[in-house]
Each structure stands twice: as C-alpha cells, then as structure tokens.
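*Asks:* Given next are the chains, with one letter for each unit.
2 protein chains.
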Amino acid sequence: MATSRCNREWYTSCGGDIDNESSCFKILHERSGHGARVGELRTGHGCVQTPVFMPVGSQATVKSLAPGDLRGIGSDIILCNAYHLYLRPGVEIVEEAGGLHGFMAWDRAILTDSGGFQVFSLAPLRQIDDDGVTFRSHIDGSEHRLTPEKAILNQEGLGADIIMVLDDVPSGTADGPRVLEAVERTHRWAERCLAAQRRSNQLLFAIVQGGRDLDLRRLSARTLSSLDFPGYAIGGLSVGESKASMYSVLEETVPLLPSGRPRYLMGVGSPEDLVEGVWYGVDMFDCVLPTRVARNGAVYTRDGRRNVRHADFKHQFGPLDPECDCYTCRTFSAAYVHHLFKCEELLAYRLATIHNLRFMHRLMGDMREAISQGTFAAFRDEFHARYRPTDETVRLAQRRRHRVTSTWQADDSER
Amino acid sequence: MATSRCNREWYTSCGGDIDNESSCFKILHERSGHGARVGELRTGHGCVQTPVFMPVGSQATVKSLAPGDLRGIGSDIILCNAYHLYLRPGVEIVEEAGGLHGFMAWDRAILTDSGGFQVFSLAPLRQIDDDGVTFRSHIDGSEHRLTPEKAILNQEGLGADIIMVLDDVPSGTADGPRVLEAVERTHRWAERCLAAQRRSNQLLFAIVQGGRDLDLRRLSARTLSSLDFPGYAIGGLSVGESKASMYSVLEETVPLLPSGRPRYLMGVGSPEDLVEGVWYGVDMFDCVLPTRVARNGAVYTRDGRRNVRHADFKHQFGPLDPECDCYTCRTFSAAYVHHLFKCEELLAYRLATIHNLRFMHRLMGDMREAISQGTFAAFRDEFHARYRPTDETVRLAQRRRHRVTSTWQADDSER
Chain A
1 MATSRCNREW YTSCGGDIDN ESSCFKILHE RSGHGARVGE LRTGHGCVQT PVFMPVGSQA
61 TVKSLAPGDL RGIGSDIILC NAYHLYLRPG VEIVEEAGGL HGFMAWDRAI LTDSGGFQVF
121 SLAPLRQIDD DGVTFRSHID GSEHRLTPEK AILNQEGLGA DIIMVLDDVP SGTADGPRVL
181 EAVERTHRWA ERCLAAQRRS NQLLFAIVQG GRDLDLRRLS ARTLSSLDFP GYAIGGLSVG
241 ESKASMYSVL EETVPLLPSG RPRYLMGVGS PEDLVEGVWY GVDMFDCVLP TRVARNGAVY
301 TRDGRRNVRH ADFKHQFGPL DPECDCYTCR TFSAAYVHHL FKCEELLAYR LATIHNLRFM
361 HRLMGDMREA ISQGTFAAFR DEFHARYRPT DETVRLAQRR RHRVTSTWQA DDSER
Chain B
1 MATSRCNREW YTSCGGDIDN ESSCFKILHE RSGHGARVGE LRTGHGCVQT PVFMPVGSQA
61 TVKSLAPGDL RGIGSDIILC NAYHLYLRPG VEIVEEAGGL HGFMAWDRAI LTDSGGFQVF
121 SLAPLRQIDD DGVTFRSHID GSEHRLTPEK AILNQEGLGA DIIMVLDDVP SGTADGPRVL
181 EAVERTHRWA ERCLAAQRRS NQLLFAIVQG GRDLDLRRLS ARTLSSLDFP GYAIGGLSVG
241 ESKASMYSVL EETVPLLPSG RPRYLMGVGS PEDLVEGVWY GVDMFDCVLP TRVARNGAVY
301 TRDGRRNVRH ADFKHQFGPL DPECDCYTCR TFSAAYVHHL FKCEELLAYR LATIHNLRFM
361 HRLMGDMREA ISQGTFAAFR DEFHARYRPT DETVRLAQRR RHRVTSTWQA DDSER
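Going down the list, the sequences are from chains A and B.
Using the working numbering, the letters of the first sequence correspond one by one to residues 1 to 415.
Using the working numbering, the letters of the second sequence correspond one by one to residues 1 to 415.
To be clear, the hints were calculated from the coordinates, so they are not data collected in a lab.
Computed from a prediction, not measured in an experiment: that's the story for all the values here.
Mixed in with the good hints, there may be bad ones.
Simulated restraints on C-beta separations [unchecked claim]:
hint, chain 1, residue 1, chain 2, residue 2, range
1, A, Asp312, B, Ile139, 19 to 25 Å
2, A, Gly240, B, Glu143, 46 to 52 Å
3, A, Ser137, B, His138, 38 to 44 Å
4, B, Arg330, A, Val394, 43 to 49 Å
5, A, Pro124, B, Thr393, 39 to 45 Å
6, B, Ile139, A, Gly365, 40 to 46 Å
7, B, Ile139, A, Gly33, 53 to 59 Å
8, B, Ala311, A, Asp131, 32 to 38 Å
9, B, Glu382, A, Ser137, 46 to 52 Å
10, B, Gln316, A, Gly260, 42 to 48 Å
11, A, Ser242, B, Thr390, 54 to 60 Å
12, B, Arg145, A, Glu323, 39 to 45 Å
13, A, Ser137, B, Thr393, 35 to 41 Å
14, B, Thr393, A, Gly99, 40 to 46 Å
The C-beta atom is built at its ideal place from N, Cα and C for all residues, glycine as well.
Bound-form chain A, shown alone (with noise of 0.2 Å):
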C-alpha cells in the first residue's frame, strides 16, 4: 500500500535507485543497544537525511526567514500548517499559485500537519463528532466543518509531500473515557484519509494518540500499525506533562511502529529532547521552539540556551558561539547581535533564528554520523554532561506566557 503511494517518478526525482523502489525511506545504519537508526526518506521534492528536524513554517513561512535563509542553514524540508492556510489565505489560493511550494518559492520537501492539533488547542467553540468537528476561526470568529475527507482534501491543495490524518487531540489534562474516546476515533479517522486519498505523490502519516496512557498508547500503534501507512506520527506529546512521562511514551510506543517506515515525533522539541527521541528511534520532529524563543533573544549552544539580550554580549566581538557554522555566527559578532535586539531591529530576529536552525540541523547531522560510527551511546551521554536544558519549571511557566504573546512575536501554533 505504502509502495502504490510512492511511485516511481517522484522516487527518482532525487536519484533514488530504481531496483529498490519499494520503500519511500530505506534505513542506512541501525545499531543494536538502543532505537536509533540513521535513514533516508524520499520525497517528490528531494532527499531527506533522517533523523531530521524539520523548521515550522506554519503561514507558508518559517518566521522571519526566506528560503534563500533556510537552504543556507541545510533545512530539505520544513513543516506548514493546513489550519492555517486553510484559514488564510485559502486552499484555492495557495493551489491557484502552484501548491505550497510555488506559494512560498520553496523547492525541497515540505510536510503539512491536517490541522487536528490546532483545532482542537487554538479554535474557540469547538464541537466534535464522529464526522467531525465544526470549530471557529480564531481570526475572525466564522464557522468551519472539518472531517477527515476535507483534513485530505485540503492538504491535497496545498500540495505538500507529506501529509498527516487528521486526529482527535484530546487536552494535556484529560484522561478516562476522554483519551479512549478520542483515540478509538483517531483511528476510525485514519481509515477515512486513507481511503480519501486521491494524490498519489504525497506520503500519509497515521498519528498514534493515547495521552499519558500506555495501554492506550501501546493500543494506537499496534492498531495503526497494521493499515500499512507510509509513516507513523507521535502525535499529543509535548503539551504540558513532565519530560518523564514523554520518554515513557517513547520508549513503550515507537517499539511497536513498523521499523521500515518513517516516525515522527510531533511537537518537540528541545535539544534534549531530540537527543532521546532519536535514542527511542524516532526519525523526524518539529517544534516551534527554535524559532520561538530566538525572537526572543534566547541562542542555543552545546552548553545549553543563553539569551543575547543579557549585557554580558555587549562587548562579545566574537560571534554568539564560537563553535557555530551559521551565517549569522560567520558574519556578526554577538555585540551586533546584542545591539540589533536592544534595539528591537528587526535583523535581530532573523539572524537569531538562522542560529537557532542551523544549531537543530548540526545537531541532527552530528547524531548521524555518531548512530553511522556506533558511537552514538557515548554521543548521549557527552551531550547531556555538558549540555544544560532550561529549568522545568521556568519550561513551563514560558508556554503559559507564550500563549499570551502579541502576534508578531508568537507562532500561532504551539506545535
């Protein structure tokens, strides 16, 4: 099934080798010891190196940087949000203008997420049923039928290369019937894209729900494992509960998806959280993170995030991170970096955020090569000794406050 979705035209269109065309990913290196597995995905818009972690481009643009940015960071594919675009400007636009990628003049691969997620955590008045949901618009207020025919139908205008079902997401807090309920309805969904889906140059991904619950979790994949999808999402992770239960989650779920196929983590995450994610095996992530945080003035480095708005940067004549590769790394030095956000230039936050990227995607190519050599175990290890996450707590406190941001500086989605 996966196979009929991932012909041979788009297969070869980034050199794909035609004697083995069964497969859309192939998996280059996997090690005994842990999940961790080095791969390689092919799209109808070029190669994808796994683990990968894609940018967010939720409006058809990865805020602040335009394509030229992100091909110099190394990014082959970056994630849109078909809520949004569903929204604004409109499917029929967005294909009237050659699908997302004539849109936003990106020409490597691009995955959209069905909108499920933000329905459910961003929509006012939402009401769901079997068929579906009917939601407002958070923009204007009007009134909108999503089912999983139109969740295909919509992403199938918007022309991406991967495409993801739409799911039932329950809230971080919910649990009992809630959680059952709308994992049980996931599932039936799943079904339904599949069976509306009319493209044949665009992957579908199934997204295991199941909150905090194992047994649900464990329910989810096992379940979607067996309609054959191209590849498998972690979906309602990463919206409030303890890092702890996350990598429980991980490490019950991911064992249970077909190995030959593509995971993809959704909605995370931090560098910490990429490095126990591959561990466990998953192949693909996005979060807004990144970006997020790098207009407000918070850069990653191997030691851990320090934000370039603190005074100790004004007379720094080196760059933000004497280990980095970026643009901004090779052309400005952490004073100019510091001096553009003190003064709120606009400069700051693109330069702060090509940082932030190129960070994730050396991070990513370093995690290659490590699971490539069997090295990786001692990879982990040497991260997290040198590498200090940000405080839970404070973790915690950002995303409440996040969600109350003006809208220039905010994703307008949290994943």
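Knowing the structure of chain A, use the given hints to seat chain B on it.
*Replies:* Below, chain B alone, put in the same frame as chain A:
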C-alpha cells in the same frame, strides 16, 4: 583643502585614476538646460555612481535587511546616524568592533549624519548655546552634551567614509531671528568641525541651512562654499514645508555651491522629489520613506505607490510590479506578499523593503542613463506624466502619524 582629504590610498582603493586624484568627485556628464549631472564619488569603500539614493540604517542596520540584501539591491552607500549610535551601543563599542563597517559587516561606503537633526527633533529638553547643545536621550532621559568637536570625534570613532558637520536645525515652523541665528551658528560650527578633523580618510560635508528664507539660503550656500568642503549638503528641508517651497530653495541654493563638489539633499525623499532634486543638480539623497512605507505595505511602481495589503492583491499571482527586477518580484507573487502582510509575518517587511529600495536604485540608474544620453528633460516629463504622487495632504498627515508609531515600525529618525 579637499584634496588633502582625498588621499591616494583610498582614492585608488576603488580603482581610481592616479593621474586625476585631485578630487574625490568627478563629473562624468552634464548638459546645459538644467543642473543635472552624472558623477562618481570615490570613497575608502568603493566608488559611488551619482545621482545616488542612500538607504537609511540609523542604528547600523537598514531596517529588516542584512548586508547581502543591500548588495542584491545594488546599494553602494548607506547612511547611519551618529546620534543613535552614540546613545546605543555607544561609539566605543562600534570602534572596538572595527568601526561601522566591521560592526555591521558592510564593506561598501557609509555616510554618518552628525546627529544635529536628531538632537533638534528627537531629544527632549535640549539647551543650545554657542558652544554646543545639551540634550536628554530619548531612550533613557540621560543628559548629554554635543559640540562640533564632539560630533567629529564621535564620527571619527564610528569610521564612516563621509561624515557631516554639526548643524543648528531650527524647527520647520521657525522664522525670523531664530533662523538667522541657526544659519550663523551652523557656519561657525562648520569651521570648528573642519578644524577638529583628525582623520584624513573621511570626507567632511558642510550643511547649508536657512529654512524657507531664500536670502538666508543664499547667504549660507555662499559662506560655506568659501570654506572649501569636500562636499555640501542642503539641510532643514522636508520638515513640513510644501514641495513648491522646497523646490524654490533648491533652485536658489544649488547653483551657488561649488560645481565640482558632490551635493547632498538631506532627508529627501519621494520618487518625484528625487527626480526634481536631480533636475536642480543634487547628487545624493537619503530618506527613510521607502523603507518606512514598505513596512506598512506600500510599494512603489512607476505609476505611484500601491498598498499590497489591499484585497486587489489577494489573487495577483504575478509579481508586485511586472517592471521590477528585485529579489521579491523575481521570487514571489504579489499574492504571497499580500498573505505575509495580512498575517503580519516578519518576512513581509523585508520583501517590501527590498522592492522599494530596488525601485529607488533603478530610478537613480535610469536618471543617470538619461542624463548621460542627453534625454533627461524628456525622462523627467515622462516620469511626472505617469507617476501619481501621494496626495500632499495625506503625505503631511502621514508624517504626523509616523511620529507616534511603535518602535519596531518607525525609524527613530525623521531623516
């Protein structure tokens, strides 16, 4: 005297002709019938073809652009502001970073304004005397003192290629004794600036003042011309007077300035004002207008300004301006730029800024070409026949409104 400031080292740095190093400015074409001329200004960071429009980067950044964007536009010279940079980050920081060129990673020419205009227009509680001016910072209220000697010292620290004298700038509504006082003080301060200059690789320009009083303007132009500066600016215009009044001042003033020296009209302007300024013999311009209005969605075309936020653009899948060759127009549809503005996405401001600055750059290039070909009178007629300027009442209302716009949208300077 000017010759001594135009030394062999930086004359040759842009491939200057050693046998003709007596001036940093060379007129390549001029025609009878009007004052317009084509010239070449040699600086320590490359040659500048005149007439030229200089993008404004008050705080060591042209708002929303990186140096590569400016190179893509074709800019050979930009303006920074000594008042802003003195207050933040401070001259010593810029100096330690290798001067403005090093600080902002811009390897072409820079002109710094002395700060006179900003002290008189932005700073609260200023007290002026013959020695200098005491003012409070518009950022933190701290008290500062600026004298002609300090203005030169600051600008030598910042290290621009062209620096400006400190001038006494009366308000646009001042008249009578205050304007006379300002003119006479500006002349005394110009002499003190000349005497204070220590660095030999910066061109110091004088500034003609005199408000709308043509007698005072003539007096100022004659007095300063006798001091033999390497260049001459006309200040105190575009501060709320009518266009007719500004053009009269140009008509009376420009012919009194030494013809072999570059002439710079400060803080101007709109496309129609550039065409008129060139007609009267101006060689250099700067203005925040094209960058400021870009951030509000206004884009220039040869027919006039249009606002990309307008619903007309929602379905326009061609470029913003079919006649434009800028990065934005070559890469994105008007529909995409419209979408970015509607979503208040940061990329919007950059794309519109690039378009407007490229429009200005091409307009200047087209004028140089027409002057060289001897067809500038016809060019000017055709330009005005087609270009629909912003209504003057609207224009003056916009000026007032811009003064209260939020920090990130406003340039912090009216120049």
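*Asks:* All hints are to be evaluated individually against the structure, with a verdict given for each.
*Replies:* Status of the hints after comparison with the structure:
1. In this structure, Asp312/A and Ile139/B meet the distance hint of 19 to 25 Å, their C-beta atoms being roughly 20 Å apart.
2. Evaluation of the 46 to 52 Å hint for Gly240/A and Glu143/B yields a pass: the beta carbon distance comes to about 49 Å.
3. In this structure the hint that Ser137/A and His138/B lie 38 to 44 Å apart at CB holds, the actual value being about 40 Å.
4. Taken as a hint, the range 43 to 49 Å holds for the pair Arg330/B and Val394/A, whose Cβ atoms sit roughly 44 Å apart.
5. The hinted range of 39 to 45 Å is satisfied by Pro124/A and Thr393/B, whose Cβ atoms lie roughly 42 Å apart.
6. A beta carbon spacing of about 42 Å between Ile139/B and Gly365/A agrees with the range 40 to 46 Å that was offered as a hint.
7. As the Cβ distance of Ile139/B to Gly33/A is approximately 57 Å, the hint placing it in 53 to 59 Å holds.
8. For the pair Ala311/B and Asp131/A, the supplied restraint of 32 to 38 Å holds, since their beta-carbon distance comes to about 34 Å.
9. The hinted window of 46 to 52 Å between Glu382/B and Ser137/A holds, with their beta carbons roughly 47 Å apart.
10. Distance hint check: the CB atoms of Gln316/B and Gly260/A are about 45 Å apart, consistent with the given range 42 to 48 Å.
11. In this structure, Ser242/A and Thr390/B meet the distance hint of 54 to 60 Å, their C-beta atoms being roughly 57 Å apart.
12. Arg145/B and Glu323/A have their C-beta atoms about 44 Å apart, which keeps the hinted 39 to 45 Å range intact.
13. Distance hint for Ser137/A and Thr393/B: a CB-CB separation of about 37 Å, consistent with the stated range 35 to 41 Å.
14. As the Cβ distance of Thr393/B to Gly99/A is approximately 44 Å, the hint placing it in 40 to 46 Å holds.
The earlier numbered hints are all upheld by this structure, with none contradicted.
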